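Residue numbers (the numbering used here), protein chains in the order written: chain A, 1 to 490; chain B, 1001 to 1327; chain C, 2001 to 2371; chain D, 3001 to 3338.
Just so you know, the hints here were simulated from the structure itself, not pulled from any lab data. The structure presented is a predicted model; accordingly, all values stated were derived computationally and were not measured. Built from N, CA and C at the ideal position, the CB exists for glycine as well. Some hints could be false.
Computed Cβ-Cβ distance ranges for the label pairs, DEER-style [claimed, not checked]:
no., chain 1, residue 1, chain 2, residue 2, range
1, D, Leu3307, B, Thr1059, 26 to 36 Å
2, A, Gly245, B, Tyr1086, 40 to 50 Å
3, A, Ser314, B, Ser1135, 35 to 45 Å
4, C, Pro2252, B, Thr1059, 37 to 47 Å
5, A, Thr90, D, Lys3221, 15 to 25 Å
6, D, Pro3101, B, Tyr1086, 49 to 59 Å
7, B, Thr1059, C, Asn2294, 34 to 44 Å
8, A, Leu334, D, Ile3328, 18 to 28 Å
9, C, Pro2109, D, Gln3308, 31 to 41 Å
10, A, Ser434, B, Tyr1086, 46 to 56 Å
11, A, Tyr104, D, Gly3267, 43 to 53 Å
12, B, Tyr1158, A, Val267, 47 to 57 Å
13, B, Pro1127, C, Ala2178, 29 to 39 Å
14, D, Gly3267, C, Pro2252, 52 to 62 Å
With a cut-off of at most 25 Å between alpha-carbon atoms, the simulated DSS-like pairs for lysine-lysine come out as follows [to be verified]:
no., chain 1, residue 1, chain 2, residue 2
15, A, Lys151, B, Lys1164
16, D, Lys3336, A, Lys378
17, A, Lys16, B, Lys1325
18, C, Lys2174, C, Lys2138
19, D, Lys3206, A, Lys369
20, B, Lys1325, D, Lys3334
21, C, Lys2043, C, Lys2281
22, D, Lys3221, A, Lys301
23, D, Lys3221, A, Lys313
24, B, Lys1125, C, Lys2138
25, A, Lys378, A, Lys16
26, C, Lys2346, C, Lys2371
27, B, Lys1188, A, Lys76
28, C, Lys2121, C, Lys2346
29, D, Lys3206, C, Lys2043
30, D, Lys3035, B, Lys1322
31, B, Lys1325, A, Lys76
Per the computed footprint, the stretches of chain B lying under chain D, defined by three or more beta-carbons under 8 Å from a beta-carbon of chain D, are [claimed, not checked]:
no., segment
32, 1009-1017
33, 1094-1105
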Amino acid sequence: MDVKFQNISKNFGSVKALTDVTLTAHSGTIHGLIGENGAGKSTLMKILTGYQSKSGGKILIDGSEIQLNDPRQASKHGIGMLYQEPMDFTPLTVLENFSLGSPYQGRRELRFSLETLTIRFGFHLDPDRLVEQLTVGERQQIELLRLIHCKTRILILDEPTTGISPAQKEALFPALQQLAADGMNILLVSHKLEEVASLCSEVTVLRHGRITHHAHAPFHFPELLTAMFGSVPEQKNKTHCRTQGSSILLFENVEATGERQGLQHCVVAVNEGEVIGLAGLDGAGQSTLLRLAAGLAIPNKGNVQLFGNTLPKSNSASQQAQKLDVSFLPADRLEEALFADMSLSDHFSLRGRQSSFWRSIKKAQTLAKNGIREFSIKGNPEDTAQDLSGGNQQRLLLALLNPHSRLVLLENPTRGLDIRSGQWVWHYLLNTLSPKTAILFSSPELDEILHYSDRIIVFHDGEIVMDKAVNETSHNAVATAMTGMKEAIQ
Amino acid sequence: MLGDLSFPVLIASVLAASAPLIIIALGETLAEKSGVINLSLDGVVLFSAMAAFVVAKETGSLTLGFLAGGFAGMLTGVLVGYFSIYLHLSQVAVGFALALLCRDLAYFLGNPYSRVQGPTLLESKPPLHDILPSSLQTIMTQPLTVWFALLLVFLLYYFFTFSKAGLCLRSVGENPAASFARGLNPSKIQMWAVLVGAFLVGIGGAAYSLSLKPGWGRPQGAEGIGWIALALVIFGGWHPMRVALGAMLFAFLQVSGIGLQDLFPGVPAQVFQTAPFPLMIFTLIFMHYSTRKSRKQGYNENSFQRFIGKLFMSRAPKAIGKSYKQE
Amino acid sequence: QSSAAEENFVFGLLMVGPSNDHGWSQAHFEAGKEIEKHIPGSKMIYIDKVNPADRPGITIPFLVEDLVSKGAKLIIGNSNDMTDGIREAAMLHPDIKFIHISGDDALNPESPDNLSNLMGKMEFGQMMAGFAAAMTTKTGKIGYLGPLINDETKRLAASCYLGAHYAWTNVLKKDASALTFKVSWIGFWFNIPGVTSDPTQVAKNFFDSGADVVISGIDTTEALIVADQKKKEGADVTAIPYDYQGACSTGPDACLGVPYFNWFKGYAHFINNTINNTWEKEWLWLGPNWADMNNTMTSTISFQNGKAMNSETQTQLAAFAKGLGDGSISLFSGPLNFQDKSVFLKKGETATDMQIWNLPQLLEGMEGASK
Amino acid sequence: MKRLSLDILLGSLLVFGFTALVLLIAGAPVLASFKNIWLGAFASTSKISQVLSVWVPLMLCSCGLIYTFRANLWNIGIEGQVTMGAIGAMAALRIPGIEHPALILTLAFFASFLGGGLWGLLAGGLKTRGGVHEIFGGLGLNFVAQGFILWLIFGPWKRPGIASMSGTELLPRDLWLSTFPGWRVATAGVIIAVAVLILTWLFLEKSRMGIKLKAIGQNPKAALLYATSPERYYLQSIIIAGGCAGLAGFLQVTAVYHRLIPSISSGYGYLALLLVMLSGYRIILIPFLALFFASLNVGAIQLPIVLQLDSALSGVIQGCCVLSALLILGLRQKRKQS
Ligand SMILES: Nc1ncnc2c1ncn2[C@@H]1O[C@H](COP(=O)(O)OP(=O)(O)OP(=O)(O)O)[C@@H](O)[C@H]1O
Ligand SMILES: Nc1ncnc2c1ncn2[C@@H]1O[C@H](COP(=O)(O)OP(=O)(O)OP(=O)(O)O)[C@@H](O)[C@H]1O
Ligand SMILES: [Mg+2]
Ligand SMILES: [Mg+2]
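Same shape as in the complex, but just chain A (with noise of 0.2 Å):
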């Protein structure tokens, strides 16, 4: 069965996920799409599940328009999906997990169908256990047998590799060339290049929602990288006229939990005045990075030193980083910075350390309003932080910046700001900010990286891979360390 989406479109408010893709997929082939965090990919695919509904456009199956209005009705159309997401239930076991959304079969059937599946695959799973003792890998791998026993015949696999071993991908390649063989068109989402070039036969690239790059193997990977990342800029002589001093944060041996594969055997050192850019694929640690130095988020191992003193393993550690004049930005600004139904003035009562009991409405609003002025704000000081685009968001955040942090960590400072803002962004950190304060950012944009750091520290799955300064490496350095290909580092 053949897919064709033409001219999809797909906004959520007034982000434009997607505009205008035409792309065919043909059975019997394994179609790959890849593209930078953000680009898209996902939301195409949803679309094509019933799971979202689309703003405009059409979608074919072997050439005759179809309805896709809830997962219902795509699952009859035989289409299925592995969430890139885990879409599982955590607190039931794996053969439950197996069993819904399946046909009606007696558990014993059942059992019988997913204990073939495994050994058919290569995987290892007991049936009883529960889902949320498994890994992310485990996870997707029961999806993966459910959906081939729902008789998919469209298979859409969104970042099916993410927590597979080397050993499991030897046993799920081979099956999935072999599904594509049996007549299955399968979509494969990923940003692992080598994967995509050693499964695909055909690969699309979105980039801000748009295609543009399509290709049949074999692949060129400069080409690839290009087109997802955009074109690679020239390397600009930087003018940073910062003091680079003594150590202010060190992470010893730091061992902890979050995001996908936590962070593990984490060393790092930063500088006064350093600009360092952590690069890599989302959730690879380097969130977990920045909320520990923050505070925000307790090792299980190891410790987190700042300006010389450890930071305690309890809820107070991130006042204590607050204390020592640590300023963390984090990139869901409504959902972790502002407070939704809170007016700007308000936000700028709570900043700061004032001692005194009462709060005044006239400073605070004095402040609001120098605030909107000097980091030009599209709003009023009674506007509420949720009327805000996101940009004004941004900026918003900025003006509550400790002025006088030694420390700045950024998660994705230019999330959602279009080009201008962004520089704008950059000059005020670079240049308003103390020249020994030191910043530590993270950004899937690897020109952004590229162009404001010093120093690049890139993780993979929780690890560091590499750490160096930015005169030392490439963006093609950068864009393979991040997608994992070894051979590429050296």
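Given the coordinates of chain A, assemble chains B, C and D with the ligands onto it according to the supplied hints.
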């Protein structure tokens, strides 16, 4: 030890006293398993008790009375469901307001029927009564509500553990988004769970006014039971068997509290009567504490340990209290 | 409206329980209705469930004020628990007359002159109840469902026991030790869930532990309802409710009879005195009209036989009542010991009204708490 | 503004319609019922002052609840906090050897705040330390407080001679809070209620604590970034809520019942929960809604006297108000989304 009750009689009284509570708590379990907290229980029990008594009195039919109780419960379930599942309002707020509203509505509408004689459900002899040993005869001579409650425990246990529909319902309570992704309709499933659950709560209320504490009046005698049922669901870790055991424990405390009066003559009688309520809730807190560690580790290797783990670990459905909004 | 109030004599009735409780409050309510019938121009206004659990935040003085504003000239408060409120209201409204049922404020010289007390000598009714129970029981176990522990309830329970003891030893000639008389207190005059013991459960426990007659001393009819349920299930049990002539109607088949109050006589006395301006502060403790016990006009205390009483008991009970009436049977006379074995009455001694009114504890032979 | 008045109109219609329906089912005259409730609440100064004496504790409980609702806590334990406040007050009033009534009353005032506050702290501690949801901790503590007060009334603090449901012995007259001649409501009570209202408004709208509570209620995760520990503020808010409820208990003892009775809280805690929900958590509306609820409570006494109806109708109206308000809110949100 406990007054002059012999052991079989004690068991029989505990069974009889716990039956309506079991039915109510299981109704709530059903709703909560699907992710919806129905906090209105305390009022709904009274409202359905009143409705059941009035209908039974007017028609002379116990069956119609029980049905009326069930449908009165279901009516409130419609409100809880619509407000929380379709309007996405706070389940706690809706339930609490409804609890107070239903209680007063029951008192208001039931006033003309207070303290009049109406039909009551009687104990019936079990089959093969005459060949049973006498202690079993005593224990098994019970009103039908007791058998219904016990049957319900097993039915619900079977439903949750072995049936496909039960699995779907549980899955919605754990992760409605994932259920949706697998082709289920979480809102519809939740609505059904709430309605059937509320129907059971109504039956439980009817069991008070038609069997355990026959008649209607202010107070009816079932006041405060709804809150206890809510606590029992947590106490029972959302597991039908354990919920039922909890209800029996509560009934035991109530029945034996009367006998304790003679053992501790210095303590006012009223204290023994209030005691089961806080005791119940503090057992719950204690359980919470003692299982917290093991829940965190949560690794049970062999099947026996798994069995023990399943028996004693209590865990709320993951998505409880949040209704699902489709994107 | 004030002219209408002058033509009519309006009196207010505050009832502690529901006016249709088939017990204490309903007995008062019906007496008020009778007054309306028999005293021309009289009109009752009433409010029931006057207790802090049912009417939170509402106090007696406020309700009195409301009744007074509606023209009430005399106010009756029917519960011992209203003592403080009635006294306070009486002081606030010196020109309105107050009757407090079951209290003894009027005995206190400092209490306001517009406040009188009224009570019935229910001791006799309870003696008859106890008598009927002992005549009926086959197991020799009688349960007494008591409200809360105070002087009034202790003397009523004791009277009941004395009646039962008399029947058991003097009529049936059985061994005193073979009679068990057990008192269980629920904590209030009627059930308040989570606060009092559940009377339904207490009655069940009585029957389950072998008692076959339960005498109720509380305002509501749970004991009879349970007995009726048990009887329908085939058990040979009976119960005796309390307070209200019609109480048997909630479970006629299991009803042995009911000792009840006729408040009409007392009400009429005070109301006529008020109308005729002959009011004086009184403490009135009215007994049965032995000549015609069931005359609602003249007898304050009475006993109504129920369906479940057999004819032999009926005749014996009539003889017993006659004995009580002519003084040939006097149960509060020595030798009598208290529950703790201390002496209450020596041989040959007979208790005074005040000794009975202020009975400090239960009697020897009774089981159950005295404090 | 226009939308608000439209909402109020719609809500009133819903409430009126539902109540009328209930009355019709009960076979009662609809208009006469409403009229009697109205007259029962406002027909005379005595009635108005009785309304005020219900208004005072309702206000105190509601003001307390505003704090916890700000922090997004469901302080259902407020009933027990009123009870413990009353017990605290009574304990102070029973201290022997203090001659000066004003001194004892002041002591009782603080003891009641402390009693309620500590009871709140217990529920808060169960939440932050024990992970027990505040609804269940609070309910359990309500029952414990109920058991405790019963034990006191029937045990150590019982009336000489007879223990009774009617409570402990009456306080000496000089410990009754005084009223204006002809009024039933203690002047001090009204002053305390108004003062607490103003203080609450100041605290929540003008102090840094108020804004921090609001922040924590909205987004405890984000509050961490503003050097604000949710746990600390959870505890603070529930202590203040308990304290305010405790003051209501103090007034119930010294101004209304003049003794300790088992149901001293009179259900005002639960009623205040409804009230605050109805207000949409806005302080400005609370005094008016409290007046509305109080007048329903008091006015409904006329139903049994005049029409032989059960006065539970007031509760039906109150619950219905909240549900209607929720319904309108829900429908608005739904329309906004689509
Ligand atoms: N539910 C949503 N609401 C609002 N915006 C969304 C939603 N889901 C996705 N987006 C936005 O749509 C865009 C595309 O997201 P999508 O998840 O499709 O990216 P992706 O290509 O799968 O990225 P990744 O490689 O990180 O998985 C992003 O900008 C994302 O922020
Ligand atoms: N819910 C709302 N209520 C009121 N105003 C709003 C609301 N949402 C957005 N706005 C206003 O509408 C304008 C456009 O917002 P929008 O989020 O579409 O901007 P945008 O183009 O995405 O900007 P950015 O690039 O900064 O994200 C902003 O000025 C914002 O303040
Ligand atoms: Mg994706
Ligand atoms: Mg935007």
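| field | Satisfaction of the hinted span 35 to 45 Å by the C-beta atoms belonging to serine 314 of chain A and serine 1135 of chain B | value | 57 Å, violated
| field | Pair hint outcome, lysine 2346 of chain C versus lysine 2371 of chain C [Cα-Cα no greater than 25 Å] | value | Holds. Lysine 2346 of chain C to lysine 2371 of chain C sits at ~23 Å (cutoff 25 Å).
| request: With 15 to 25 Å as the target window, see if threonine 90 of chain A and lysine 3221 of chain D comply at their CB atoms. | output: 21 Å, holds
| Hint check for alanine 2178 of chain C and proline 1127 of chain B - Cβ pair distance inside 29 to 39 Å | Since proline 1127 of chain B and alanine 2178 of chain C have Cβ atoms about 38 Å apart, the given range 29 to 39 Å holds.
| request: For leucine 334 of chain A and isoleucine 3328 of chain D, compare the CB-CB distance with the range 18 to 28 Å and indicate the outcome. | output: Cβ of leucine 334 of chain A to Cβ of isoleucine 3328 of chain D: about 26 Å, so the range 18 to 28 Å holds.
| said: Need the status of pair lysine 151 of chain A, lysine 1164 of chain B: alpha-carbon distance at most 25 Å? | reply: Holds - the C-alpha atoms of lysine 1164 of chain B and lysine 151 of chain A are around 19 Å apart, at most 25 Å.
| field | Given pair status - lysine 378 of chain A, lysine 3336 of chain D, alpha carbons within 25 Å | value | Within the cut-off at roughly 23 Å; holds.
| Supplied distance hint 26 to 36 Å, evaluated on CB atoms of leucine 3307 of chain D and threonine 1059 of chain B | Because 28 Å falls inside the window, the suggested range holds.
| request: Compare the distance between the alpha carbons of lysine 16 of chain A and lysine 1325 of chain B with 25 Å, and conclude whether the hinted pair is satisfied. | output: Holds: lysine 16 of chain A and lysine 1325 of chain B sit about 21 Å apart, inside 25 Å.
| query | Within 43 to 53 Å or not, the Cβ separation of tyrosine 104 of chain A and glycine 3267 of chain D? | reply | About 51 Å separates the Cβ atoms of tyrosine 104 of chain A and glycine 3267 of chain D, which means 43 to 53 Å holds.
| field | Stated coverage of the segment 1094-1105 of chain B by chain D [criterion: 3+ residues, CB within 8 Å] | value | With 10 residues close enough to chain D, the hint holds.
| query | Regarding threonine 1059 of chain B and asparagine 2294 of chain C, is the given constraint of 34 to 44 Å on their beta-carbon distance met? | reply | 36 Å, holds
In summary, the structure is inconsistent with hints 2, 3, 4, 14, 29, 30 and 32 from the numbered list given earlier, while agreeing with the others.
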